[in-house]
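From first to last, the protein sequence lines stand for chains A and B.
Residue numbers for the first sequence follow this note's numbering, so the first one is 117 and each next one is one higher.
Residue numbers for the second sequence follow this note's numbering, so the first one is 117 and each next one is one higher.
Certain hints may be false.
Remember, identical chains collapse to one label, so a pair may be satisfied in a single copy or spanning two.
With a straight-line Cα cutoff of 25 Å, these simulated DSS-like cross-link-like pairs (lysine-lysine) come out [what the hints assert, rightly or not]:
| no. | residue 1 | residue 2 |
| --- | --- | --- |
| 1 | K358 | K139 |
| 2 | K143 | K131 |
| 3 | K209 | K140 |
These are computed hints drawn from the structure, not numbers from a lab.
Number of protein chains: 2
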Amino acid sequence: MSRRSITGFSNPTVKAVRALREKKHRKREGRFLAEGLRLLTDARESGRIPELLLMAEGREGHPLLAALEAAVSAAGGEVIELPEDLLAKITGKDNPQAVAGVFAEWDAGLEALDREAGKLWLVAQAMRDPGNLGTMLRTADAVGAGGVILLDDCADPFSVEAVRASMGAVFTVPLAQARWEDFLPWLRAGPGQLIAASLREAVPYRGAPYAAPCFVMVGNESRGLPEDYEMACDLRVTMPMKGRADSLNAAVAAAVLAYEVLASVGG
Amino acid sequence: MSRRSITGFSNPTVKAVRALREKKHRKREGRFLAEGLRLLTDARESGRIPELLLMAEGREGHPLLAALEAAVSAAGGEVIELPEDLLAKITGKDNPQAVAGVFAEWDAGLEALDREAGKLWLVAQAMRDPGNLGTMLRTADAVGAGGVILLDDCADPFSVEAVRASMGAVFTVPLAQARWEDFLPWLRAGPGQLIAASLREAVPYRGAPYAAPCFVMVGNESRGLPEDYEMACDLRVTMPMKGRADSLNAAVAAAVLAYEVLASVGG
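Please work from the sequences and hints to get the whole structure.
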């Protein structure tokens, strides 16, 4: 198995990979970066093989790492060894997890979604925090959601922070990105109940008449959902807010609602 | 009302305040930094007045800002005006929210908690992510929790990130920090059901026999709870995990459980 070694920070490959931490470079290259053996193993087992595998010198051997390397080579990808401190500079983490991979981004259009694939879907509108977005992907995996739909100007699900927070779910959970004006006609072209947490004409979220496939929508961290988005919902639900604040963290709200819907419509 | 103006980055006050972004300086000074009119207003309405109020020059006037300034002056605190870019350097935010405050930290011992104050409590063990910690505080406010108890080596609840993620709940939700070996005797000295999400001899989290006051405990982001902590619980519950992963984000798990407990024992 052929491996290339890199020793210097000025190496063009190192520079190109490191640049993938910035959105503009990710979008131009159509590629993104993920790190850690567990994440990359989740990816491999989901059929996502990195085009480029970066391994720290002096790492401990591991059967999953060997399997990863074999899969990359079999798929015609490249394997590179480099000093640990160089890998740390690429991933921006003090303690890099010995391995990182560069993946080609995949298409994420509504047309690729199969709405029969899940009784429950998560929809994020203009969610700006990549950590929240990754956490929603992780929750979507946990509740067995059909997928996650990102509406309007969301954070990049392929950012290092989102990939990390997703704990691998970015590789396993179907993902679509769309504008509201395209999403709504798509939704209405088939079965699907759109719900949101709201204070407008809402019913208590416990025991609300959820129906599969149920699309749970949460909005921007600061502004929430636009009023017309809320009013387009089939069901608006309200969660108890017993303190001073009038809202939950967006990823938390999505999860509390999703688990309630799961208990109602089944997984 | 007297105000002092600061124009340079080398000013000792600016340096001292900026240093509060680091934990070692916060602990040495016993002070922390919070930013934004909404956060500082939550603090004021909860009786927490900053010792030092920093206001950007050229900000828009606002009745809440005037109320804040008056409260600081009345309490013998100091008000400082400074250029917006200087405030940005202090808070580390590109768009500072025109106002920031320096607060004295307060005592956070178990003995200050009143377990009759809430039917529901959140307990975080060795939680390392300040965003998760702040989010748990925000959730605790929302479910009307008696407070949040931080066990063992948690992230600092007074870090800028935790304060920000708490959306003001750090000022309003009672908080205690303790070691497990002190917490358990305190808990057992009175009524209190300790519960955790677990895979060990657990019952489904829906409809589990929750009893107030119920202490919902979640563990470290990577390692979860130590086994002996789980086994010390009165009730271990399990949440559906329908995907590849075997855990939720810690703040999400706490919230899903907390809302279930709330529905069971009432707020």
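Hint-by-hint comparison with the structure:
no., hint, result
1, K358 to K139, "neither (39 Å within a copy, 31 Å between copies)"
2, K143 to K131, "within (16 Å within a copy, 39 Å between copies)"
3, K209 to K140, "both (20 Å within a copy, 21 Å between copies)"
In this structure, the one hint that does not hold is number 1.
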